[in-house]
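Novice: Sequence:
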Amino acid sequence: MHHSLRSIERELPKNSIIHNLDSRVKLIFVLMLVITSAILNNIQFVLLIWLYIIFIILISRISIINTIKRIILILPFGMFLAFFQPFIKGDTVIYTILGAPIYYEGILFGALLFSKFLVSITAIVFLSSTTPMHEVIIAGRRLGLPPIMATMLGLMVRYLFIMYDILENTLNSQKSRCLSRKNISYKSLLNIFGYSIGSLFIRSYEQGERTYLAMTSRGYSENSNIMSFGSKIKKNDILFLAITAIFLITLLILQFLN
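Our numbering puts the first residue of the sequence shown at 24, with every later residue one more than the last.
Some hints here could point you the wrong way.
[Unchecked claim] The following label-pair restraints were derived from C-beta to C-beta distances: (1) R226 to I111: 34 to 44 Å; (2) I261 to N214: 19 to 29 Å; (3) R165 to D114: 46 to 56 Å.
Since the hints were derived computationally from the structure, they do not count as laboratory data.
Virtual Cβ for every residue (Gly too), placed ideally from N, Cα, C.
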């Protein structure tokens, strides 16, 4: 569990053209892809965007296997939303299962919805694999994200790692006391699980209090502004965004003409 969380930033030390792009450019790139895929109603065009992201991932020399694993880990949520669409949307019935009609229009809409979800997830995985989380937050701040939201996102990322550390320590302490499903009853297992969740909430609350006191003792308030010094946008950054913009605008024009 802890290893899988740390592996989110496994690809960051690599050096490639994409890794060296400004974090603001990569954040704008992802937003452009997600917004355009949401506008498009042609599944073929949406899949072209997905193939474009895969092409960029290959250029950035990110492990395609790790990328696919991370995408598959999140895909069930999108599949769950798309699964019910054939049963609730449409007029043309093509099949019936146990009295429930399956609509042709619902199948098309479900496939389109799933493809848009796939594009969004792949774009986010790409961003997290090429840009550290703190750089993403700084990029958002420099693009106009309110300071309070940037601070909350930064704390959320840090708490995510801290809480996983605490949970892992709790599980290791239980294993060291020979607690397993083989030697205790199901009822006792539920009690232990409840105690573990309660302990995790208490520790998270205490950690929040310590963090708050540490921040206020250093003069932090709601009006505090964290300064960050980043590099200027270069020609390669502009060229990358321009190529992407031309590609996406072309797809939008083709959909409008069709």
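Novice: State for each hint whether it applies.
Specialist: Do the hints match the structure? See the list:
no. : hint                     : in the structure
1   : R226 to I111: 34 to 44 Å : holds (43 Å)
2   : I261 to N214: 19 to 29 Å : violated (60 Å)
3   : R165 to D114: 46 to 56 Å : holds (49 Å)
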